[in-house]
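Student: Each protein sequence line maps, in turn, to chains A and B.
Mapping the first sequence onto our numbering, position 197 (from 1) lands on 474, and the numbers just tick up by one.
Mapping the second sequence onto our numbering, position 20 (from 1) lands on 56, and the numbers just tick up by one.
By construction, these hints were calculated from the structure, which means they are not laboratory data.
Careful, some of the hints might be misleading.
Claimed, not checked - Just the calculated beta-carbon pair ranges, DEER-fashion: (1) Ile110/B / Glu313/A: 26 to 34 Å; (2) Ala161/B / Thr416/A: 22 to 30 Å; (3) Asp209/B / Gly344/A: 22 to 30 Å; (4) Pro201/B / Gly344/A: 27 to 35 Å; (5) Ile110/B / Lys444/A: 37 to 45 Å; (6) Lys310/A / Ala161/B: 45 to 53 Å; (7) Ile110/B / Pro384/A: 20 to 28 Å; (8) Asn455/A / Ala157/B: 38 to 46 Å; (9) Lys50/B / Lys310/A: 36 to 44 Å; (10) Thr184/B / Gly456/A: 13 to 21 Å; (11) Ile378/A / Ile110/B: 13 to 21 Å; (12) Phe358/A / Met198/B: 49 to 57 Å; (13) Thr184/B / His338/A: 37 to 45 Å.
Each residue gets a CB set at the ideal place from its N, CA and C atoms; glycine is no exception.
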Amino acid sequence: MGDLFSLFINSVFIGNILLAYFLGMCSFIAVSKNIETATGLGFAVIFVLTITSPVNWIIYHGLLAPGALSWAGLADIDLSFLKYITFIAVIAALVQAVEMIIDKYSPVLYASLGVFLPLIAVNCAILGTSLFMVERNYTFIESVVFGAGSGTGWMIAIVSMAAIRKKIAYADVPKGLNGFGITMIVAGLMAMTFMMFSGITL
Amino acid sequence: MNNDASPYKEILIKGIWNENPVAYQVLGICSALAVTVKMSTAIVMGLALTLVTAFSSMIISSMRKKIPSNIRIIAELAIIASLVIITDEILKAFFYDISKQLSIFVGLIITNCIVLGRAEAFALANNPVDSFVDGIANGLGYSLILITVAFLRELLGSGQCMGIPVIPNVVYDSGYQNMGLMVLAPGAFFIIGLLVWLKNSLSGINQNKS
């Protein structure tokens, strides 16, 4: 239990998927202009990550990993090179399914997330989390916790960035630096503050 | 012959400088930041992305009349993913050390917005040869930023260039220290921010002249 808790804290703060591994930057820059939309996208990312990470775990360890097909008498086959194309297909299909389920059962949630759900399919944070999950040999439970933790970390980062950008709108930024430039520098300062968490040992 | 060459030159300049994918269109910065601690990884990553973008643009463009528009994204992703798998296998076979250092970031070329962005914005509306040149141009523009950032981070962060120490010991003896910050994540953000500032100011000067 304690291990899982420390994995969660680690993926939210110390190894923040956005500020330490730079994943999901494109939507981070594009959608962080407004706090409400940033929050909506953040929840959508947590939701999708918590589902895709364990589903990809099952597919990788049940079909693709070296020796995974031994139940079918094909123990020598190593399909792990297919992981990229499989993961991206799984993510795209799951995002589509999640979109339809939310539309059916919670139209209110769909109305607030609707626009962002399709965009998530090409968010590198989602694919990156699945690939990290394979590379670090997580167990099934760990993959759920890691997915949820990465999503939470991403959401904290994008919501705080949206709040900071709202303040920057009133600041006197040099002309050439305005927009993308100042956003990157703010992200750098945020990454520095998140690095302070690495002193925590659980 | 000159008339035939000029549109390619135009596409190249547009991709590398005027509409640089990282600095101007704000595409594909995820990986631009992550692989720039050292020059060698940045160069390999830039090369890999240039080839993937060029060939995916060419293939998608040659199939553009065959792909139904409502499933085009998934068709494009399948083409890109296949190319990335080939690249990854080649890297593993010939540059094993660098491929280990790049870890998951070769795989993330699939979701790199530059590749899909060029496919959507250029390849679907132009012929295969133009698309190929456009892919090369955007890939080189991306590599240019990547290599500049990597050069600065390696020089300031570990005092090396391509793994060879370039700062003489005399400088260290007189009290100079490597900036540990540059090797860590925040250094990448700061350098990209400052480079964008530099580029924006330079384009401003060009516009004033013309």
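Student: Work down the list of hints and note, for each, if the structure agrees.
Tutor: Comparing the hints with the structure gives:
no. : hint                            : result
1   : Ile110/B / Glu313/A: 26 to 34 Å : 30 Å, holds
2   : Ala161/B / Thr416/A: 22 to 30 Å : 47 Å, violated
3   : Asp209/B / Gly344/A: 22 to 30 Å : 55 Å, violated
4   : Pro201/B / Gly344/A: 27 to 35 Å : 44 Å, violated
5   : Ile110/B / Lys444/A: 37 to 45 Å : 40 Å, holds
6   : Lys310/A / Ala161/B: 45 to 53 Å : 29 Å, violated
7   : Ile110/B / Pro384/A: 20 to 28 Å : 26 Å, holds
8   : Asn455/A / Ala157/B: 38 to 46 Å : 24 Å, violated
9   : Lys50/B / Lys310/A: 36 to 44 Å  : 27 Å, violated
10  : Thr184/B / Gly456/A: 13 to 21 Å : 20 Å, holds
11  : Ile378/A / Ile110/B: 13 to 21 Å : 19 Å, holds
12  : Phe358/A / Met198/B: 49 to 57 Å : 30 Å, violated
13  : Thr184/B / His338/A: 37 to 45 Å : 41 Å, holds
The structure fails hints 2, 3, 4, 6, 8, 9 and 12 (numbered hints given earlier, in ascending order).
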